[in-house]
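Top to bottom, those sequences are chains A, B and C. One point on numbering: in this note's numbering, the residue at position 29 of the first sequence is 29, and numbering is uninterrupted. One point on numbering: in this note's numbering, the residue at position 33 of the second sequence is 33, and numbering is uninterrupted. One point on numbering: in this note's numbering, the residue at position 201 of the third sequence is 201, and numbering is uninterrupted.
Hint data in this document are derived by calculation from the structure and do not stem from the laboratory. Check the hints yourself; a few may be wrong.
Said to hold, decoys possible - Capping the alpha-carbon separation at 30 Å, the derived lysine-lysine pairs in BS3-like fashion look like this:
id : chain 1 : residue 1 : chain 2 : residue 2
1  : B       : Lys156    : C       : Lys186
2  : B       : Lys226    : B       : Lys27
3  : B       : Lys315    : B       : Lys22
4  : C       : Lys223    : B       : Lys79
5  : B       : Lys79     : A       : Lys62
6  : B       : Lys22     : B       : Lys157
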Amino acid sequence: MDNIEPKILQPEGVAPLEKAEPEIEATAARAETFEEPLTTTQEEERISIASNWTLVWWRFRKNVLAVISTVVLIFLATVVLLPDFFATMSPEKTNARLAFIPVQSIHWLDEGQLKPWVPSVEGKRDPVTLKMLWTTDETQKTYVKFFGSSWSYSVLGLFESNIHLVSGADQTQENQIFLLGTDRLGRDQWSRLAFATRISMTIGMISVIVSVVLGLLLGGISGYFGGWIDNIIQRLIELLQSLPTIPIWLALTAALPRTWSPEKVFFAITIILALRGWTTLAREVRGRFLSLREEDFVLAAELSGASQARIILKHMIPTFTSHIIATSTLAIPVMIVTETSLSFLGLGMRPPAISWGVMLQEAQNIQTLALAPWLLTPGLIVIVAVLAFNLVGDGLRDAADPYSH
Amino acid sequence: MVTQVHPLIKPTNDLANEPLLKVEDLKAYFFMDEGIVRAVDGVSFDVMPGKVVGIVGESGCGKSVTMKAILQILESGAKIVNGKVTLRSRVHHGDPNSAEELIELTHLHPNSRQMRRIRGAEIALIPQEPMAAFSPVHTVGNQIMETILLHQDVSKKEARQIAVDVFRAVGISMPEQRIDSYSWQLSGGLRQRAIIAMALSCNPRLLIADEPTTAIDVTTQAQILKLLRKLQEERQTSIIFITHDLGVIAQMADEVVVMYLGMVMEKGSAMKIFKDAQHPYTQALLRSIPSVQSHSRVKLPTIAGSIAHPFNRPKGCPFHPRCTHFMRGVCDAAQPHLVEVDEDHFVNCFLYSEADGAKLMDKIETAPPVEKSL
Amino acid sequence: MLRYILQRLILIPILLIIFSIMVFALVQAPPGDFLTSYIATLASTGSSLNQETIVMLEHQFGLDQPVHIQYIRWMQNLLRGDLGLSLEYQLPNAELIGDRLGLTLVLALFAFVFTWAMAIPIGIYSATHRNTILDYLVTVVNYTGVAIPNFMLALILMWFAYSQFGLSITGLFSRDFEQAPWSIAKVIDLLKHIWLPMIVIGLAGTARLTRVMRANLLDELNKPYMVSGRARGLSEWQLVMKYPVRLSINPLVSTIGWYLPELFSGSLIVATVMNLQNIGPLLLRSLINQDMYLAGAILMIYCFLAIIGTLISDILLVWLDPRIRMEKV
Ligand SMILES: Nc1ncnc2c1ncn2[C@@H]1O[C@H](COP(=O)(O)OP(=O)(O)OP(=O)(O)O)[C@@H](O)[C@H]1O
Ligand code: SF4
Ligand SMILES: [Mg+2]
């Protein structure tokens, strides 16, 4: 081993010898502990050299539910990035003749061969009740293709693509694929859901990001400087936290001018949601800062003349990053549910924008729901998303500080 | 020392020579996802009436678990897997004039009524953490009266009077007022006295004091020890006294049990252990105290090496990785057993012949002279 | 303790003043006012108001005054207990709100009692029977309970009842009693209908409270006083009920502070879906129609309820926990 080491690194011949000695001793000591299984020692070594993040990951990995939820979230994130890829048609396309078409399930086999198709749907108006009655006609098949090409769209503004998850096999034929049925105006639920996912998920995430930035900033200031600034911020937090959330949110969103574009409304809503969201995090950050201020390493950094910003950024925040990530993950579903509720009441996102809540507006009427229960599918996605975020958040929190409970 | 038997204790003739508590080959393991922790792995000792048994050993050697096993209050996940604990119990618990019977505690269900009536009334525990032994949202008096009402057939008012009396007995001034305070309103010393009062409130014959004087300052510690000694002599209560502090053991105990990794390494009368320790571990413990008589408060000395990880016990003699008399092929091959080297003096080491307890001198000389470090 | 409560009481008017400014700013904020949107609605149906009526109405509601004067007038009226007139209904707001406020409170109270009555025992069971099948089941139900937005739950239940049994489970009263004056029969009718909204509104809270209770209790069960209690001969049941349960409920009491207000306002969305006659749907309607004084009055009621909720929890906490009690005397 000595031979391999380049000579330049050894100022004197003594150094490698000194280094070698403890090694020999260590092996000797290990030999004398006898049957002590070597695997344990390696495991211990592995743990002792692992970084904090690696440890968090190891603990997180053990939590099966959290891992499954992560996969679900990654899938939802893909939908957020590429709604066009998942959509089978334009989410805006209305066709009154095709209203309330029930869910068409994909049939995989055709005459014993793997050739996926969906049955076509025939509508007839009941002469007595005037209700539309839909019957699936299994003889009329619309063949579908996976990863086939159809209309083209831009991928993240980078390049154009025309690949879609599901599309009609026959390009010339008009698409009759309604995987999740259609709504009152004959719009395809499946495609709308893809775009709704984009908006609802981004609202949740962006408002949490804004909350985190505000919370870190104000909580940090509060905890680090103390004094009157701290006092003011604390009173502000108390004030915001004692507001009745939902009514005030309603009033705020109701105050948004009707004439605003969907983009403007989108940003206004994220800000409104973040307005209170930051307070919880700011409290936590403040608490951490207060206790960290007393810690030796911060004092050491201060004594060595590091600037305050540097101390905060380099020494204090990294000690609770994992915790912040966990808390933020748990905050996202709250935002999502609030946005969904507001939009559901007609005070959040407004058509033509599509969000889960906007889609659920179609499901407000019980008679309609009884006729077309598939209108509730956006609600199911909300539940799945919230569940996944909660499980991942809890998993992260437990992995970040396993001794908190 | 009070030599005559306290008049309050009237042993029936046939049990007169029995120990108050007899622990035989007790084993209690923790069954956890990561593996089995053999926290107590074959512990035997006797507690004679009116005597103080000191148990000493490094942190984590299973002292507290042994006590919980005796009382059958192990955490869920822990189980007694072997052994017998026999108590010479009064038929009417708490009644000094009661007739006696032998009860095998290990045969009782931990949650049985009989077992619960023994806890607190026959055997009382002074727990390791005095700060947290009281609930912070109930008054100290409330918790003591609760114990009294549980074990004695008295009215609330009488219970309160009994509580005030024990408070006075343990030297708490203004007991009538203090009894209505919360534990966190009391100073460390007072809290400690309150805990002793709670333990004594039902006249138990055996007191288990689990490190009663850690976390108190030296002066208070001395006062508490004096108090315990006084109460012990007055009431002829037996005490199992657990500590890290050999000085305290020397001051308090009649008998000493030295534990290491869940096993008894050496036991015997205090005199023999301090004057004539035979086990290498005990010797190492004693070596690092300048002088036992000086009552120095030196904590357990640092012996080379550290205690093995609980999942990863050494094979053979548990002490062998740190032992200066280690014999390759002997100590790491099999487990030694307790052998009687002298009257009332047992050692758990291959240096002593299992047949007659004689010291096998030649083997000592083959032991490597250097201390190993792990 | 008394001084502490007094301090808290003094804070209430200050908070109310701040909130009233915020509320007024909010209901004032939308461009235009009720009259403009009213005129627009009229215009769309072909009719119109003549100029004098408009000026008269503007004057009557003070819409011709500068904003701060409007606010002061509004505040003065509020202080006199006058909630103002609804622009849309042309009725005193107090009359419109009347019964609905009572129903809001009753509904919240029922949901609250439901939450605690379910969560505490389930939490205790779950913690003391950790890792049993029932405990896992409780955990699963908790996660789902938290994840379902309550209006979704309402929708699903309503859809299920309607499509399976043809039942319409909306409203708090049967049709016969909706307009009837209060009577014993009406109260019984209310009780017959209130349980479903109670569960819908309370479920998420129950799930959360159960989780917190379980976690708190698990913490407490490892405390040294448990060892001490067992060693004194207490039975497990006596011990758990007296000490750890008490100690883990204490921090829960502080959750009342945000949970009660959340119940008051959380019922808002469910009330809209399930057609419950409380102040929620009224607020929604007034906001959409820019009926600013009605909206302002209801928002102020919500603010007041929120403050009261916090006050109740603070006082309860101090009363329950001697450590805080002594500190704050
Ligand atoms: N609740 C538990 N779960 C798992 N293992 C435990 C638990 N309590 C104790 N142990 C194990 O049992 C062993 C003995 O613990 P015990 O508390 O009896 O030590 P001790 O001798 O009382 O130490 P100390 O002087 O620190 O009180 C420890 O090594 C520990 O690993
Ligand atoms: S048995 Fe061997 S290793 Fe153990 S104490 Fe005795 S001499 Fe040392
Ligand atoms: Mg201990």
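Right, here's what the structure says about each hint:
1. Note on Lys156 of chain B and Lys186 of chain C: the hinted pairing is violated, with a Cα-Cα distance of about 49 Å set against a maximum of 30 Å.
2. Of the supplied pair hints, the one linking Lys226 of chain B and Lys27 of chain B is violated, its CA atoms being roughly 33 Å apart against a limit of 30 Å.
3. For a cut-off of 30 Å, the pair hint linking Lys315 of chain B to Lys22 of chain B stands: about 28 Å separates their Cα positions.
4. Distance hint between Lys223 of chain C and Lys79 of chain B is fulfilled; the C-alpha atoms sit about 20 Å from each other, no more than 30 Å.
5. Straight-line distance between C-alpha atoms of Lys79 of chain B and Lys62 of chain A comes to about 27 Å, which keeps the hinted pair within the 30 Å bound.
6. Annotation: proposed proximity of Lys22 of chain B to Lys157 of chain B is violated, straight-line Cα distance about 37 Å (limit 30 Å).
Of the hints listed earlier, those the structure fails to meet are numbers 1, 2, 6, in rising order.
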